[in-house]
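Engineer: These are the residues of each chain, in order.
2 protein chains.
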Amino acid sequence: MSLVVMKFGGSSVGDTERMKRVAKRIVAKKEEGHKVVVVVSAMGDTTDDLIDLAKSITDRPAAREMDMLLTTGEQVSVALLAMAIQELGTPAISYTGWQAGMITDEAHGRAKINDIKPKRIMESLEQGKIVIVAGFQGISDDGEITTLGRGGSDTTAVAIAAAIQADLCEIYTDVDGVYSTDPRIVKHARKLDAISYDEMLELANLGAAILHPRAVEYAKQYNVKLVVRSSFTNAEGTLVKEEAAMEQGIVVRGIAYDKNVARISIQGVKDEPGILAAVFTALAEAGIDVDIIVQSGISNGTADFSFTVHLEDAERAKSVIEGIRDRVEFEKVTSETDLVKVSIVGAGMVSNPGVAAKMFDVISKQGVNIKMVSTSEIKISCVIDVTHLTEVILALHSAFDLDTNQTAFVGGPKERR
Amino acid sequence: MSLVVMKFGGSSVGDTERMKRVAKRIVAKKEEGHKVVVVVSAMGDTTDDLIDLAKSITDRPAAREMDMLLTTGEQVSVALLAMAIQELGTPAISYTGWQAGMITDEAHGRAKINDIKPKRIMESLEQGKIVIVAGFQGISDDGEITTLGRGGSDTTAVAIAAAIQADLCEIYTDVDGVYSTDPRIVKHARKLDAISYDEMLELANLGAAILHPRAVEYAKQYNVKLVVRSSFTNAEGTLVKEEAAMEQGIVVRGIAYDKNVARISIQGVKDEPGILAAVFTALAEAGIDVDIIVQSGISNGTADFSFTVHLEDAERAKSVIEGIRDRVEFEKVTSETDLVKVSIVGAGMVSNPGVAAKMFDVISKQGVNIKMVSTSEIKISCVIDVTHLTEVILALHSAFDLDTNQTAFVGGPKERR
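Those protein sequence lines, which keep their order, are chains A and B.
Quick note: the first sequence, position 284, residue 284 per the numbering used here, numbers continuous.
Quick note: the second sequence, position 147, residue 147 per the numbering used here, numbers continuous.
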């Protein structure tokens, strides 16, 4: 008998019919002889509906009250799912985040888990019950209701799996696993059997939507064995686990892309110490995340440099730069959109020199200009014009043997909580 | 500066526009110099919608899970109301039942308040905040979420008022006070300035819907000064207070009626000891409340008797009686509907003999047959055919000087929680 955590996202429990299907799946798992803890998100569009309700009252709701409001969504889900399981004749009990012992800090809307006290979960498991925990929520030491922010329910599931030393944490979602690349672009993209935490983390950070990076980090930190699988089919899904356990010899496991990229260029910056620090401090204070940074040639004592931000932050980033003209001398600031960041990811890359060169070569042979580059130990990203996305991904997929090998991409509609 | 508890029912916060109006009213109260605690119900039809959701999953939801489900309704209300008040520039904070320290027993769906620990309420008041508490809900010693059942939010408001020694507990509802009788029947029915706890309790128990009997009992027990007033107008409302403080000399304060009455008659019951006990024990075990009981003449060693039950329980009551034929010998059991119970209520009645006789006389003079009678120290009820309701109430209203005096009736659409 093993101890399994099953996490179902909002679309998996979008209405009561789907909830009944999920209940059957959960009961079947228990009848296989496992102890089962379920983590569930708010039903379908509930969270968005609640946000709309708040917006009809105020444009600037207090984060504390938003947490009070939004956590009701998961509470409704756990109660209904408990009823659906009980209706099948199987004992079940629902818990809110605070009842389940999810202790967080006080950062409303983006709280971090400080501790888990799974006493009630364990007691209910001992009583033979299926335990259903509201995802995304916790309680601070002061008794305030908090939410974990984006990816919260994934994180809840992984954190509970770690706390109760579960044998497996299954993330049920609306895609049936991790693919070598987006199947909408490459029809012969392949579903992976397995992927390492680090690879999954890079893919998640690159905007792939199945698993939130925080949840993957947590899983890696506590060595929680994860499976990503569909809540609508019985397909096997993709196992996320330690690198050491992975098959060897695969350089590139998957290709991801992110269209939400804008390039900001600052031209004619006076080349003085502290200039870069001034620029990026100002952006950080405005809450704008900067990704790739490239400094180009210096001439006549001035430099040009450029960086990428999220598409939505492009105009604001320009305003921030314009706003520090008193501290930073520069000629002009411009922004460029209609870009895409294409990334190849693979743990094998670190020991294979020439992977970057090969990527650049493949892209160049398509007649496509690479505008920016960034690399990490297991990832290389190139920013190109979005018009070339399909041809570049097809070429890379083939060049790195992904048409035949086991490879990785996470795509499909987002299910964040 | 006084300390005031304001309670708003579901229809008062039926949508976000109404909620904004309620927020203004609350802020105005604070700006008059009072400390304010607000108790609020779930918005409009929220509770019914949640019940429908549960019913779409199971016909027999566990009471614990229903509490988990339904308490989200009030949680949404308190969060939104806090936002609406904050939007007006006034500090506010929302609390769930458990955060507000509403400690109850474990009886899910009909929990009783065991204790209130208003530490957080008092702290927030000291910080100059308007405190908003979710009505209808609490927490058991084991950390289980409970609901107080019918009249729950009224009870929450009164219980908090008692615990924090508030100067006043205002119940805002969709009628503007307590009337001498139903204004839909008697156009010149008058709004009362004041009514005693006991009178209010009788009226509430007679099906009048503004205040739940439990809340009135609680108010009486802890001597909480209550005001019933409209959330839509600035009319003064009706004060509910101690009898000693009431004006003297008024015999009948109000007239109430209840159409949800059925009469069950058992004929030809063998007149043996223990028969009545057997019948009413069986009904109690089936959860059927019995109101008026009348035993009629005994002949040939058999007796007839009849009693009233809630209209909805009539068929079930008959089945229960049929089901004890092995223990109780009787000829037949019948039920009668299309009845109404008309009651006159007044604390002055107890010291005025002849009030009952006068009531019977007034009804008889209308040519109406009285089918059953019951009396208490401050109430006399007669069951008659519902077809005569209007003429009987008009005649009583006039005969007991209610057309001119201060009198009492609570009517209008129900707002239970």
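Just so you know, these hints were derived from the structure itself, not from any lab.
Source: prediction; values computed, not measured.
Be aware that one or more of the hints could be misleading.
All copies of an identical chain are treated as equivalent in the list; a pair is satisfied when it fits inside any one copy or across any two copies.
To be verified - SDA-like, lysine to any residue: derived pairs with alpha carbons at most 25 Å apart:
hint, residue 1, residue 2
1, K117, D142
2, K117, L50
3, K30, R60
4, K365, Q267
5, K259, A356
6, K55, E331
7, K241, A194
Engineer: All hints are to be evaluated individually against the structure, with a verdict given for each.
Structural biologist: Against the structure, the hints:
1. K117 / D142: both (16 Å within a copy, 15 Å between copies)
2. K117 / L50: Neither: 29 Å inside a copy, 30 Å across copies.
3. K30 / R60: between (44 Å within a copy, 22 Å between copies)
4. K365 / Q267: Cα proximity of K365 and Q267: none, with 30 Å in one copy and 101 Å across.
5. K259 / A356: Result: close within a single copy only, 21 Å intra versus 84 Å inter.
6. K55 / E331: Result: close neither inside a copy nor across copies, 40 Å intra and 66 Å inter.
7. K241 / A194: Within one copy, since 7 Å is at most 25 Å while 72 Å is not.
Of the numbered hints stated above, those contradicted by the structure are hints 2, 4 and 6, listed in ascending order.
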